[in-house]
Amino acid sequence: MANITLEFEKPIVELEQKIDEIKEMSSGMDISNELAKLEKKVIELRTQIFSNLTPWEVVQLARHPERPFSLDYIFNMTTDFIELHGDRLFGDDKAIVGGFARLENRTVMIIGQQKGRDTKSNLYRNFGMPNPEGYRKALRLMKLAEKFEKPVITLIDTPGAYPGIGAEERGQAEAIAKNLFEMAKLKVPIIVVIIGEGASGGALGIGVGDRVLMLEYCWYSVISPESCSSILWRSWEHKEKAAEQLKLTANDLLELGIIDRIIPEPPGGAHRDHVLAAKLLKKTLIEELDQISKIKNEKFLENRIEKFSAMGFFKE
Amino acid sequence: MAWFKRSTDNIKSDSLKKDTPDGIWTKCPDCNDVIHKKQWEANLYVCSKCGYHFRIGSEKYFQLLLDEGSFRELDRKMKSIDPLNFSDTKPYVKRIEDTINKTGLYDAIRTGTGKINNIDIVIGCMDFDFIGGSMGSVVGEKISRAIDKAIKTKYPLIILSSSGGARMMEGAISLMQLAKTSTQLAKLSQYKVPYISILTNPTTGGASASYAMLGDFNIAEPNALIAFAGPRVVKQATGKDLPPGFQRAEFVQEHGFIDFIVERKDLKSKLTQLLNLIKD
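Chains as they are written, first to last, in our numbering: chain A, 1 to 316; chain B, 1 to 280.
A portion of the hints provided could be inaccurate.
Unchecked claim - Chain A is nowhere near these chain B residues, computed Cβ spacing over 12 Å in every case:
{"id": "1", "residue": "M135"}
{"id": "2", "residue": "K270"}
{"id": "3", "residue": "L275"}
Claimed, not checked - Here are some chain A residues pointing at chain B (derived, C-beta under 8 Å):
{"id": "4", "residue": "R117"}
{"id": "5", "residue": "F148"}
{"id": "6", "residue": "P163"}
{"id": "7", "residue": "G164"}
{"id": "8", "residue": "A184"}
{"id": "9", "residue": "K187"}
{"id": "10", "residue": "V208"}
{"id": "11", "residue": "S221"}
{"id": "12", "residue": "L254"}
{"id": "13", "residue": "L256"}
{"id": "14", "residue": "I305"}
{"id": "15", "residue": "M311"}
{"id": "16", "residue": "F314"}
{"id": "17", "residue": "E316"}
Keep in mind the hints are simulated off the structure, nothing from the lab.
Note that beta-carbon positions come from the ideal geometry of N, C-alpha and C, so glycine has one too.
With the sequences and hints as input, model every part of the structure.
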């Protein structure tokens, strides 16, 4: 993996390649001491680079084409996944997937936005940009979960809801609004996880829940840094600055009380190790589900409304 | 070549463009008709020739809809703070201050209680003049409190929207106002208090993707732009020509998202009729 290397990842990847070369050349010789030194250096270098990422670099990691997507997490975390298709109204949106699956010993409804990994699959998935039927399918599946009293897990990873002619005709705004409204009162626990990009209303459309978690190298905001830059500065040149200004990283959002918890990613980011990334997410999800199942008599519903009603900063 | 030569001087390139004189006339941006201001006001800021509904703010809507002297404003002086320390071409704090000074408004919505033909209601009305009617913490909180007021009093809730969407300068906090207002409306629906959403020109982005589309009744003014992504964004993203009337109230009604369209002059009587019908 890691065939695509971001600019700031290069020093790490180069050092790793060097280690591989040395290993190859040193057949029979004992170089374990040297190797250990170099491997330690890799870890140090990585820690140094990854603890000083700029918000724009985080955005790039969140969009890394080799990052695990919803289905990767579903396959690596759960068993017996049965994908359920269609909104029963118009069609089946490939940009949102969902279905029942077993997470350890419980059945969950797991729903996520799905990107493609190459041009062909990206066209099939519409680059992870849902149409209204995607949001309506998600809602239909959540209602199924409510009916059978299974918790809902949603995975957010979208560059935004699709701004197409058909999407507008079929009520993109209404589809998202309806989901916010219905998710607010869904009578089963909802755990939301941002696993990549969380762009605006398109992300929030499956993003109302009891707990909102975020992987380490993701972004979540009201607008993408590029669009923000083009509106406020009339050019895409200021995307780095916009990324800083928007406070869109997991650390910023935790501080602002928008998310509840940050989930660690494998060293160097989730794209470096899909299996480990899924393992870390699974562990967190089980903890969270255990916690929330202790809350009695649908008290979590009151808490959910309370949680979102309290968001905002103002003075009187 | 006399055919091509001007025999008399026409408009010179250096002659000043003549604007309509201040204070007497106004020009309809749709049909270019010149309207006398007095007539324009009497016609509730609607073009008498083509029916174009000029954008008006909260003050005029309250005058238009509410019984005289019945409006009691809530949370009038609630103001934005700058949670992200945001600065683009201007610091957000300064932008807020300048806009307050320019418009005399404190943020992009005003809320309160009032009476429509003697029926008690809770009302909110957005002001597009305040940073494009953008929704940040203050808009979210004022709507949230108006909903609590409606729950407490059991008065029907009416919100008039005019908004470009969520306010960028408050980042994800603005985005959360979509969730906040929608969860509050979910709460309201459990109390069987009616909520009427009136969509005026324009209602797009975060506003339409939350409270503006969630009315028990969605009512629009004629020709209002109602969209998630605005026409420019759609055109840019798809590279296609947009269908005629795309995202206008009539188009949106035709696609099933608006209950009815009502001209400004009929708004009060129509609301009265509707409120009376659901009352008994």
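### List of violated hint numbers, smallest to largest
1, 4, 5, 9 and 12
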